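Asks: Sequence:
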Amino acid sequence: MSESVETRPETTAVVTEPVPDLQLQLLIQLLDRELRSSLPITLALSGGVLHGDVIGHEAWKADWARSLRQVEGEGANLIAEFPETVDQGIRELGAGEEGAGHLPRWIHLRDATLVFGGTGSLRLPLWRGRLADVSGWALGRPQ
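According to our numbering, the sequence shown holds residues 861 to 1003 in order.
One thing to keep in mind: the hints can contain errors.
Claimed, not checked - What follows is a list of derived Cβ distance ranges for each label pair:
| # | residue 1 | residue 2 | range |
| --- | --- | --- | --- |
| 1 | Gly-977 | Ala-922 | 28 to 34 Å |
| 2 | Gly-996 | Gly-949 | 29 to 35 Å |
| 3 | Glu-941 | Phe-976 | 21 to 27 Å |
I should point out that these hints are in silico values taken from the structure, not numbers from a laboratory. None of the values given here were measured: they were computed from a predicted structure. Glycine is no exception: its CB is placed at the ideal position from the N, C-alpha and C atoms.
My request is simple: use the sequences and hints to build the entire structure.
Replies: See below:
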């Protein structure tokens, strides 16, 4: 009598990440072509609902720098240029986070309001979040 040995195919771990909505990525890419472009949007997130004006990455960097230049102190001036410094480093490494040929992975809102748990809200002049964390979206703001 011979014993048969079952062999299992090798298994590999598979890492899964949430996939951003392609239409939302393309909308953001379109908005990034014009610094003054924005659209009212409402986002569903795991922590609540966020609404504001969606803007491109370049507009977000300009607003970030403008808001920090109004704050006194050397630290504010240094931090005002932080997003541009990061983008330069990425370009130099050739990693192009959101450069040519890459779809955006981040979403930026201006004049945002985060509504959480139905009990409260938080106003934010600028907001940046991962597109993969957006579970739903609609153009416009709640009335």
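Asks: Look at each hint and say if it fits the structure.
Replies: Hint check results:
1. The supplied range of 28 to 34 Å is met by Gly-977 and Ala-922, whose beta-carbon atoms lie about 33 Å from each other.
2. Between Gly-996 and Gly-949, the C-beta spacing of about 33 Å keeps the proposed range 29 to 35 Å intact.
3. Look at Glu-941 against Phe-976: about 32 Å separates their beta carbons, and that is not inside 21 to 27 Å.
Violation of the numbered hints given earlier is confined to hint 3; every other hint is satisfied by the structure.
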